[in-house]
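Novice: One-letter residues, chain by chain:
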Amino acid sequence: MTVMTMVQAIRATLFEEMGRDDRVMVLGQDIARLGGVFRATEGLLDTYGPERVVDTPLAEGVIVGSTLGLAVAGMVPIAEIQFFGFAYQAFHQIGAQVGRFRFRTHGRFGAQMTIRTPFGGGVRAPELHSDALEAQFVQCPGLKVVMPATASDAKGLLLEAIRDPDPVLFCEPLRGYRLLKDEVPEGDYTVPFGQLREARPGTDMTLVAWSAAVQIAEQAAERLINDGISAQVLDLRTLVPLDIDGLVRAVERTRRCVVIHEAPLSAGFGAEVVATLQEEAFYSLEAPVARVTAPDTPYPLAIAEDLYLPSVDRVVDAARMTVKG
Amino acid sequence: MEIIQFLNTDGTLLDGAEVRLSDEQALAGLRLMMLARAADRRAMSLQRQGRFGTFGPVMGQEAAFAGSAMALDPARDWIVPQYREMPALLHHGYPLECWFGHFKGNAAAAEIPDDVRMFPIQISLAVQIPHAVGLAWGLRLRGLSGIVICYFGDGASSEGDFHEACNLAGIVKAPVVLFLSDNGWAISTPREKQTAGATFAERGPTYGFPGIVVDGNDLFAVHAVTLEAVERARAGLGPTLIEARTYRMGPHTTADDPTRYVDPAERAVWEARDPVDRVQRYLTAKGLWDDAAEETCVKEIATEVDDAVEAAERHAPPGVDDLFEHAYASLSPRLRRQRDALSRRVPS
Numbered sequence: 001m002t003v004m005t006m007v008q009a010i011r012a013t014l015f016e017e018m019g020r021d022d023r024v025m026v027l028g029q030d031i032a033r034l035g036g037v038f039r040a041t042e043g044l045l046d047t048y049g050p051e052r053v054v055d056t057p058l059a060e061g062v063i064v065g066s067t068l069g070l071a072v073a074g075m076v077p078i079a080e081i082q083f084f085g086f087a088y089q090a091f092h093q094i095g096a097q098v099g100r101f102r103f104r105t106h107g108r109f110g111a112q113m114t115i116r117t118p119f120g121g122g123v124r125a126p127e128l129h130s131d132a133l134e135a136q137f138v139q140c141p142g143l144k145v146v147m148p149a150t151a152s153d154a155k156g157l158l159l160e161a162i163r164d165p166d167p168v169l170f171c172e173p174l175r176g177y178r179l180l181k182d183e184v185p186e187g188d189y190t191v192p193f194g195q196l197r198e199a200r201p202g203t204d205m206t207l208v209a210w211s212a213a214v215q216i217a218e219q220a221a222e223r224l225i226n227d228g229i230s231a232q233v234l235d236l237r238t239l240v241p242l243d244i245d246g247l248v249r250a251v252e253r254t255r256r257c258v259v260i261h262e263a264p265l266s267a268g269f270g271a272e273v274v275a276t277l278q279e280e281a282f283y284s285l286e287a288p289v290a291r292v293t294a295p296d297t298p299y300p301l302a303i304a305e306d307l308y309l310p311s312v313d314r315v316v317d318a319a320r321m322t323v324k325g
Numbered sequence: 001m002e003i004i005q006f007l008n009t010d011g012t013l014l015d016g017a018e019v020r021l022s023d024e025q026a027l028a029g030l031r032l033m034m035l036a037r038a039a040d041r042r043a044m045s046l047q048r049q050g051r052f053g054t055f056g057p058v059m060g061q062e063a064a065f066a067g068s069a070m071a072l073d074p075a076r077d078w079i080v081p082q083y084r085e086m087p088a089l090l091h092h093g094y095p096l097e098c099w100f101g102h103f104k105g106n107a108a109a110a111e112i113p114d115d116v117r118m119f120p121i122q123i124s125l126a127v128q129i130p131h132a133v134g135l136a137w138g139l140r141l142r143g144l145s146g147i148v149i150c151y152f153g154d155g156a157s158s159e160g161d162f163h164e165a166c167n168l169a170g171i172v173k174a175p176v177v178l179f180l181s182d183n184g185w186a187i188s189t190p191r192e193k194q195t196a197g198a199t200f201a202e203r204g205p206t207y208g209f210p211g212i213v214v215d216g217n218d219l220f221a222v223h224a225v226t227l228e229a230v231e232r233a234r235a236g237l238g239p240t241l242i243e244a245r246t247y248r249m250g251p252h253t254t255a256d257d258p259t260r261y262v263d264p265a266e267r268a269v270w271e272a273r274d275p276v277d278r279v280q281r282y283l284t285a286k287g288l289w290d291d292a293a294e295e296t297c298v299k300e301i302a303t304e305v306d307d308a309v310e311a312a313e314r315h316a317p318p319g320v321d322d323l324f325e326h327a328y329a330s331l332s333p334r335l336r337r338q339r340d341a342l343s344r345r346v347p348s
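Protein chains in written order, with my numbering: chain A, 1 to 325; chain B, 1 to 348.
Honestly, the hints are just simulated from the structure, not real lab data. All values reported here derive from a predicted model rather than from experimental measurement. What you were told as hints is all true, and nothing was included just to trick you.
Which bits of chain B does chain A cover? Going by a derived footprint, with three or more residues having C-beta under 8 Å, they are:
#1 105-116
#2 129-141
#3 326-335
Each computed EDC-like pair below joins lysine to aspartate or glutamate, with the alpha-carbon atoms no more than 16 Å apart:
#4 B/173 x A/55
#5 A/324 x A/204
#6 B/173 x A/51
Far from chain A, some chain B residues (derived; all Cβ distances over 12 Å):
#7 19
#8 54
#9 202
#10 342
Think of the CB as a built atom: it goes at the ideal place given N, C-alpha and C, for glycine as much as any other residue.
Here chain A stands alone, though its shape is the one from the complex:
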């Protein structure tokens, strides 16, 4: 075990897997010589050379589209979209092509490829650098959507993503890149998809989150002790596939739930969590499942982002309402 930041864990995972498998390559904007704007790919060019560590032209559509072709040729490509908000420029490739390629070919071909992309608020980035678009991609069948919240999961889930025979959208929380540090297992360490993580045990209610919002939930749970509320925190880890059984079992036990995400409220993935709970755990619920999210407005410029994003205060308020009415 080594204590690492999330960005260090990602870099180490890429480095190690490129060493193990010479089909693995990385491509994207500024990822080779510069090592990526967050240095997630730093040092790869020196070790693995320009054929496998490729600075591409500034064009998200062809970054993703050519990655699909590379995968069919037998490479194991990992594309980087510099910021998730720029994925709109590649939406037609990710949503309409990459995800459904196996289906369109009736299983003749798959697309073993990963799209890494940092996102999320709280770092005072310019416009379109922070937007949490995950729910839009959950609506693209064939794609897996992975949202690590810790450095150790970033490693385990990224390695799982690279090796998964299906395409994976791997979203990395900007706020956690250098802030989050935890113990990361050495060597060949994977975390299976579709298994949520109990980030904090609790008995009175469940806070459900993913990515950077897990930290907000954990801080809220700490505060809720003062109210005599024992809050469990679940980190979904992967939205597709979703660990329905893990989610339902947990909420059947605590009977109360709040979902937290950075994306806007309407049709956010929180809505999916709520719908699933009312289908599967309706008779266990003691209170309506609450959502703490961004409003249905565009992501604001930097100074307003604290007003926009889910805060510990808002989560604590929602949790109190859920428990005490």
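Model the placement of chain B on the given structure of chain A, informed by the hints.
Specialist: Only chain B this time, still in chain A's reference frame:
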């Protein structure tokens, strides 16, 4: 820019024409074009009877796709198609029954055989050009000698993916042939509304590779320019953009009514340039084709088309399992539940 042409409409060769197809290959090319035309007609008729889906007929453009595909080596080269290139797919080994299966709407009947190197028929315009560039680039990274031909049309050239893919192809020197079939129309939008440029091919050099304009209704010229582009790609010299000038003699698809926008006089000009007639005249003058040969060929083709239609129609219709089976390599618990729930409502 010069339009490369070898074969006159009367079947004679132009001075300096360097035909790279043998007589035997020319006969095979003719047969392929005739097969495609017969399949096209049958599909149109089946569609009118409600036995076939919406599809885009290839009528009039057979030489562009037959000639270019004949420049490929199916044992190592790949085709990344749009949706109107049936003769190319057939030449590359995609069975005619699979083509019928696809447009009939049965995915299992359309599955690309394991030894056929092609991407699936692509309905979204131009998105396949980035795929083709990535595929070609990947083949080279894997140390393979195969190259990729990517088909698209004049309409697709207006999409951003065309530009992005050409740009990347030039930079990585991808072994790819970018085959733009300009058939005059994108549904009802004429070529002059897609570009104010004199040609599409002139964009090639701006991306760092050659662009060539060829008579798309000339089997021999299309084959020769494509072969040169294939050889360039295989030699590591990078992409070529080929603009094949042809004409869509049929509707955009079976859902279209071209009488609302096509000038009959313009169509008549192109009718006189028919790609099949030209090769027949050429081979007749050489003593390799006559009425008897045509009669035999037409009969054989009719049987081949009958058999393909029958095979496609014999295929079992898809069931609930088919909705799920290839969505992912393996099904998540949630998908298994959805499949099971749907299966209970649909008797097997």
